[in-house]
Amino acid sequence: MVKTIIAHIKKDFRIEFRNRYAASVSFSFAFTTTLAISLAAGGIPFSPQTHAVILWIIMFFTAMSGLAHIFVREEDRGTSLFLQLNSPPLAVFTAKLLYNVLLFFILQCLILPVYLFFMQLDVQSPLFFLGYVFLGGVSLSSSLTILAAIVSRAGARGALFPVISLPVSLPVLWVVIQGTSRSLGRAGFSNPGDMVFLLAFSGTITAVSYLLFEFVWHD
Amino acid sequence: MKKHEYSLQGASITKLYGNAAVLRDISLSMSSPSSLAITGPNGSGKTTLLEIIAGIQRPTKGTVQLFRGDTGLRRPWFQETGYVSPRLRLYDELTAEELIEFTCASRSTSRDRADEFLSMFNLLAHKRKMLSQYSSGMAQRLKCILAFINEPPLLLLDEPGSNLDREGKDALFRYLESIRSERILIIATNEKEEADFCRERISLG
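Protein chains in written order, with my numbering: chain F, 1 to 219; chain Y, 1 to 205.
It is possible that part of the hints are untrue.
[Claimed, not checked] Some residues of chain Y that are not near chain F, with every Cβ distance over 12 Å (derived):
no. : residue
1   : Ser12
2   : Leu28
3   : Gly40
4   : Asn42
5   : Gly69
6   : Gln79
7   : Gly82
8   : Ala105
9   : Glu116
10  : Met120
11  : Lys143
12  : Glu167
13  : Ser178
14  : Ser181
15  : Phe197
16  : Glu200
[What the hints assert, rightly or not] With a cut-off of at most 16 Å between alpha-carbon atoms, the simulated EDC-like pairs for lysine to aspartate or glutamate come out as follows:
no. : chain 1 : residue 1 : chain 2 : residue 2
17  : Y       : Lys129    : Y       : Asp165
18  : Y       : Lys129    : Y       : Asp92
19  : Y       : Lys127    : Y       : Asp170
20  : Y       : Lys169    : Y       : Glu200
21  : Y       : Lys129    : Y       : Asp170
22  : Y       : Lys127    : Y       : Glu177
23  : F       : Lys10     : Y       : Glu116
24  : Y       : Lys169    : Y       : Asp196
25  : Y       : Lys127    : Y       : Glu98
26  : Y       : Lys127    : Y       : Glu93
27  : Y       : Lys127    : Y       : Glu101
28  : F       : Lys10     : Y       : Glu97
29  : Y       : Lys127    : Y       : Glu116
30  : Y       : Lys129    : Y       : Glu93
31  : F       : Lys10     : Y       : Glu98
32  : F       : Lys3      : Y       : Glu98
33  : F       : Lys3      : Y       : Asp196
34  : F       : Lys10     : Y       : Glu93
[Claimed, not checked] Just some of the chain Y residues that point at chain F, by a computed CB distance under 8 Å:
no. : residue
35  : Gln9
36  : Phe78
37  : Glu80
38  : Leu88
39  : Arg89
40  : Tyr91
Rather than coming from a laboratory, the hints here were simulated on the basis of the structure. Cβ atoms here follow ideal geometry from the backbone N, Cα and C, with glycine treated the same way.
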């Protein structure tokens, strides 16, 4: 099973590296948005809360534009049949989930320095800040992966994905914005309960996804 | 070559799309070695039947079971099934070599015979080309290699000769001839040559 999952991740990164569709669309969006906000602000300082909201709006739409691609690409090109014939559903889902978590982590590693540089952001609690950013990334990736799988089997994919992803992502965004805002503030205070929530959310979504995926994949 | 002792049992296979029945009460019983041609006009359900046997579609009614000896195997049977179909699409951004590597890793099988299969289907010189540069005939040869590479006991071939030139068909039939004494082979086709290759035949529709 592990070899199968590694083979899937390797294949997906190879394909992404060769057409650079998801990564380039997502990073272009994040870069352009950050630059536009920084130019429009013209040096006006934002509050930590505003920074947290802007950062997570960028992160959320970056995830939305890149992460659905992993399943939609298989459906659009008709290659999902090839996957069904070669791998158990569990291996397919695990590989796609890990691929999305890794891809979003790479995107975050590119977006964060750009945001910190252009918005001249001073982080008071770097460890908590990074913890929120990356745990929020894992929560978003895990919820968007199963939603992408569901949406990829439906008709009007483009319209459906934002609609069904909003209610699922909203609790994560709410918690992660509050946490990020606190980690940026002067007090540097952070609530470990937020991090536990993000971990629990990712775990629950992943567990539900494993129960659901076989039906989504075969029906 | 491995000696496989497998049997395939299908009982009352029915597939409805809405109220329209594509397949109604199809039953089949095959043990290795055996070969069956499924013929019938377009839309008669040949591909649907193969997809139900492969586990890609669920029947509306009825069951399909694959046994190794007396042991019923759990679905999906991807490691026991080689499937070739015009509906199967491959990844344009990968080379044949990479796709074989992926298939072997997915099916937990060795890549030792990859070059032998590539040579058999005359693709060895093209193994490092992207599939976007492959013709439809070359892609069909590669689909055959991917289906055969782990030597599965059950081969489900949907119009396997489509897009193949004479040389490709000869390679395909040479391979099928070499393994038909030990496998279960089902071919859905309207080509006389492919249907005649099989010992038994059913007609749908």
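Original post:
So which of the earlier hints does this model not fit?
Top reply: Violated: hints 6, 7, 8, 11, 17, 19, 20, 21, 22, 23, 33, 35, 37.
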